Amino acid sequence: MDISFDLLINAIVAGLLLGGFYAAVTAGVSISFGMLDIVNIAHPAFIILGCYIAYFFNINYGVDPIIVSIVALPAFYALGAAVYQVYYQSFEKRGQESLRGLAFFFGLLFVTEVSLILVFGVDYRYVEAAYIGPSIHIGLIDMPLRMLVPCLVALAMFGALEIFVTRTFIGRAIMAVSQDQLALQLMAADPIRIKRIAFGISIATASMAGALLIIIQPVEPSVGREYIGRVFAICVLGGLGSMPGTLIAAFLLGVVESLTATFYGPSWAPAVAFGFLLLTLAFRPAGLMGR
Amino acid sequence: MNTLSFSVIATAVGLAVLAFAHWLGLDYFYFAGYTILQFIVLSTAWNILGGYCGYVNFGSAAFFAMGAYSSVFMHKFYPLPVPVLVVIGAVVSGIVGFGMGYLTLRLRGAFFAIATLAMAVVLQTLVINWEYVGGSRGAYIIRPESLEVAGLTINYIEYLFVLMLILAVVALATSRAIERSQLGFGFATIRDDELAAETCGVPTLRLKLIATTLSGAFMGMAGAPFPYYIGYLQPQSAFGLEYAVNSIAMPMIGGTTSWVGPLVGAILLGSAQQYATVTISSAVNLLIVGLMLVAFVIIAPNGLIGLVQERLRRRQP
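Protein chains in written order, with the numbering used here: chain D, 115 to 405; chain F, -4 to 312.
No lab work stands behind these hints, which were simulated from the structure alone.
Computed from a predicted structure; not experimentally measured.
Hints are not guaranteed to be accurate.
Quick partial rundown of chain D residues pointing at chain F, CB under 10 Å, derived from the structure [stated by the list, open to error]:
{"#": "1", "residue": "Val153"}
{"#": "2", "residue": "Phe365"}
{"#": "3", "residue": "Val369"}
{"#": "4", "residue": "Ala396"}
No residue lacks a Cβ here, since even glycine has one placed at the ideal position from N, Cα and C.
For reference, chain F alone in the conformation it holds in the complex:
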């Protein structure tokens, strides 16, 4: 299946989800669905660098927050429609990703991971000290009730839901296309043996920079509509550790080698969390995510996808 037909099918699935949501007519479904779609984009973005290249990014929350805060900045500076903000968020986070990669990717992989972790703390420090975007008090963004598009009145939360649905389709199609392209094979050589790849003439640094930039840009895209969704953005919620841990746990639990893994992980873990947050408490649900991450990396190194593949392989004589 080539990328075009995959995109058509993905879009069709997206439209079916939308039709179902519309038929259901529940505002809560849009709220919950938005969060899950946001995690699909985040974990797919993480997987482009983490799963394909083998470089661990602990700073997903920072890239996400960069997207969110660039929206807050634009909201105060010169209000633009949300789709434009998504592009701006992507550019800002992409540049941050590129810069991070440029400084640390020439060294061993662990340095990149540590640097991303430290970067999250520092960017949070910067935002806390930046009064224009609300500082530590946070910023209010009044979400309009509805939106007029071509004479139609659309519920605003539905509008955000559709936007995130489109982003999820784009992210999945991109990561699947990468997986099957020369770029993807290049990434895989880096993951398997970077030294050998370098010796064979694979431009590893350039490929890694492409991966960090792309991955960062998608995380920024996921973050850009967030202030409009939540209505009140403060540094602690935008830089929350749950984004960092979820965007690692979801691909790890689903399986990191293919685009299906992050999708499966995000849907399973995302809906389980929505359920647990409502029924138990949000702290307990984060504990569950952490424990599942630890359990899966120990017991099922290739995630759910790996388990299924193993089962299929065994069945064949």
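Pulled out of the complex, with its shape left as it was, chain D reads as follows:
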């Protein structure tokens, strides 16, 4: 197969744009799984919920999906805090998080998906906005705004999260709870409250990620499943709990997936994430920037 230069360059640029979006999708799991040790496999289902909320307000009232997602942030935060409260009371407190906690999140994933199917059906849905369609051309490179806008919004969100986690008191407390819960308690901070806030934030990111997802591609309720492999692959590859590592891993996966899709066909792309995940687990379980 002869690989033309501009095809290669365009595939890499598309991969970087995709990677930025993946960073937004993974940010939530990076907090819940990486920092709080909560294996929230239902995260992609919350993202799809975000997609449909953006879709609903976009189609019925013509609101921009990104604005919808920002307005919906508090609702998602409250949802996350409520889910954590149930999770804590039922599983974490009793030390049963490994088996039953996982089953709980799996059930949530399933219930969310089936409810969306019952309400919206299994047709692909998409949103309308001014930036869906046109592209920017710089020399050989084509950048569709449909990819560029989500990538930039995702990076802005990721940056804000990184600043929040490293600079503010609550953010540092979240980092602390991931390292030593008892020590945090001795500093007179309530670890459960900190974890509840952190989990709320992690679910809130799903609102943004959902709006970005439905801008990038049409969505139906089971699309979320493809992202389970991706988000955990990125999270593990980046190193659990490391935000910069997550960002690097997201770009890496985006580029490799884009190259695979360009040169082997898009139907192979989902397999890439799994390959990444297994290779990382087998050879470097700590990830790129793991502690």
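Since chain D is already given, all that's left is putting chain F on it; use the hints.
This is chain F only, laid out in the frame that chain D set:
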């Protein structure tokens, strides 16, 4: 009761079920019964790893589909009788289970769970891209009307029903035997405290690999006759999320610590679903399964069996 007498009793119960079905003479009973028996095998298989060892497998659908697709492959390549296909399906899914376990089981349990979930997506991708077994269009398998065995003509669906009945008996007897053996005690130590078990000299990795291989093999067995049952197999039905969620929900609702749990869960939930699919709709019935799973893990952590045991314990002074 030792394993031999249990197997004899289980076989007798199986024969009684068969005699009842024969007396009823309804084709629908065979169709519905096949599905329930298939879920008994799946949930028992899941419980060998999930209930006994405490390792959650979200990829039951993938193991099931591996069994089903190995049958489709053999059907095109070199047609064999279904019981042989069951063995092939078991070997294929067992190998997949072993490989998965080998790569992920040395790490924390959550990684195994995530890897199984991702594996289901990837295997589905592979099958969709594999034209030989039908790709995304799916594959037709024409089921013969009947079968000649030793001069007798047997209705084909009855034949599949009997096959699945045998598999269910074998799966239940195996899981009960494991529960009472040294292997089962080893599994229980892993579930309760893996670190402590390792320190006491329990070969945890080897035991976990045995569990994943066995569990995968039984799921493959359950899947192997499926193409003949359904007649038309497409990736979306073979990898359907309902297999993954049912094979977790049934043991969880029945109770994970003993072989009875998956059996009770599969019979209850399986027949309820058959009923709901016919009377309401298949989407609503899946929603009910999901809600019941969430409710049970929160309210009754040890399932129905746990509730009954608690009631009995309270009655004794």
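Results for each hint:
1. Val153: holds (4 Å)
2. Phe365: violated (20 Å)
3. Val369: violated (19 Å)
4. Ala396: Status holds, d = 5 Å.
Hints 2 and 3, counting from the list given before, are not met by this structure.
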